[in-house]
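Note that the protein sequences, when read in sequence, are chains A and B.
The first sequence maps to residues 1 to 208 in this note's numbering.
The second sequence maps to residues 1 to 124 in this note's numbering.
Derived by calculation from the structure, the hints in this document are not laboratory data.
The structure displayed is predicted, hence computed values, not measured ones.
Every residue, glycine too, gets a C-beta built ideally from N, C-alpha and C.
Among the clues, some could well be false.
[Said to hold, decoys possible] Taking lysine to aspartate or glutamate pairs in the EDC-like style, the calculated list, with each CA pair at most 20 Å apart, reads:
1. K33(A) / D160(A)
2. K85(B) / E205(A)
3. K85(B) / E113(B)
4. K43(B) / E205(A)
[Claimed, not checked] Covered stretches of chain B, going by a simulated chain A footprint (3 or more residues, C-beta under 8 Å):
5. 24-38
6. 42-49
7. 88-99
8. 108-116
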Amino acid sequence: MQKKDFAALAKRLLPHLAGFTVKGPMLFIQPVKHTLRGIYFEGSSFDARSFYVWMFFMPLCVPTHHVGFNLGRRVRGVGGGDRWNADAPNLLAELGAALKHEALPFLGGIESLHDVAKAATSLQTSQDPYVQEAIAYALARAGDVAQAAMALDQLVGLLDEKVPWQCEMADRARALKSQIVSNPADVQRQLAAWEAESVHNLGLEAFR
Amino acid sequence: MTTADDLAAAAQWAAQHVGPGQGPVYGTQVHSAFEAEVNTLGKAHLSTEVSYLNGRVVPRGAPGSVRVDVVEAPLTAPTRGFDLKTGSARLTPARIQHIQSHIPGGNTVPVLEVRPCRRKILPR
């Protein structure tokens with residue numbers, strides 16, 4: 001499946017998904033404010049017609065160049081498998097129903113930044129630094145200084161700074177932590193700048 | 001049956017289904033049949049074709065990412081990764097290291113080779 005095939009499929013699913021829009025292989029709730037809440041179609045190497053479906057959310061104040069699914073999961077079919085086929089006779093009905101039952105409740109409950117932190121906390125079962133980072137940054141963006149500072153400390157505690165990407169994540173978290181108490185206005189400006197950067201990197205400017 | 005048994009049986013079924021062969025095209029066909037079989041098992045703790053980049057679950061083809069054939073347990077905290085090999089191909093230490101450099105949990109997560117088992121799987 002090519003991006004244009006996914007976009008066509010996504011458009012056919014739109015009637016099941018009020019409030020969503022389509023961009024390439026992604027369906028997401030518009031307008032995009034502080035958080036991207038979406039459904040992503042990912043190709044499979046199994047064959048040209050197979051694909052996976054992810055539901056996910058990402059607070060955009062965490063700087064990013066890619067969509068990521070750590071705050072999400074694959075949408076599974078009735079049989080429990082997670083791969084879908086574009087030629088399945090009841091694809092639209094089955095996928096539409098799965099999205100309605102799984103994705104809409106999952107994504108629809110996330111409105112405020114505190115909702116983001118709460119939903120991420122419910123997914124934090126495995127000490128995942130990306131989930132902890134989302135919690136901390138969402139709380140910081142919400143202006144919840146005390147909780148954000150605590151969450152940033154927890155994030156640093158999860159990281160192995162011998163690993164370059166984790167070292168970078170820790171440095172950023174420490175910098176944010178040091179500013180959050182002394183200069184919260186600067187922190188808000190920084191988070192807003194990262195949010196704008198993520199929106200730009202993901203090509204979402206037109207959907208705000 | 002353990003997960004490893006399930007996967008070896010799935011690999012054996014895939015090899016039988018595709019038939020004899022060799023080379024990259026054959027390997028791709030067996031991979032496809034294997035992943036279809038794993039998917040058919042419908043086991044929620046197994047996910048096929050998961051891409052990782054620096055501990056992050058990303059879409060297929062994200063620059064720099066690594067694709068793992070089968071992942072056991074939560075995608076963000078896998079307990080094991082499995083790499084299917086056929087014929088003379090082997091899971092090398094370099095490949096293991098590459099996967100572990102991106103998979104959450106790093107080198108604490110075992111990456112294991114899956115190979116068709118020797119016993120014949122009855123046709124369905």
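(message) Hint check: K85(B) vs E205(A), CA-CA at most 20 Å. Holds or violated?
(response) violated, 44 Å
(message) For the segment 88-99 of chain B, count the residues whose Cβ lies under 8 Å from any Cβ of chain A; is that count three or more?
(response) Per the Cβ count (0), the hint is violated.
(request) Take the C-alpha atoms of K33(A) and D160(A), compute the straight-line distance between them, and say whether it is at most 20 Å. (result) Violated, because 32 Å separates the two Cα atoms, which is more than 20 Å.
(message) Please verify whether K43(B) and E205(A) have alpha carbons no more than 20 Å apart.
(response) violated, 39 Å
(message) When I compare C-beta atoms, does the segment 24-38 of chain B have three or more residues closer than 8 Å to chain A?
(response) holds (count 5)
(message) Taking beta carbons only, do three or more residues of the segment 42-49 of chain B come closer than 8 Å to chain A?
(response) holds (count 6)
(request) Check, residue by residue, whether the segment 108-116 of chain B contains three or more positions whose beta-carbon lies closer than 8 Å to a beta-carbon of chain A, and give the verdict. (result) violated (count 0)
(message) Checking one constraint from the list: CA of K85(B) to CA of E113(B), max 20 Å. Satisfied?
(response) With a Cα-Cα distance of about 7 Å, the restraint between K85(B) and E113(B) holds, given a limit of 20 Å.
The structure is inconsistent with the numbered hints 1, 2, 4, 7 and 8, although it conforms to all the rest.
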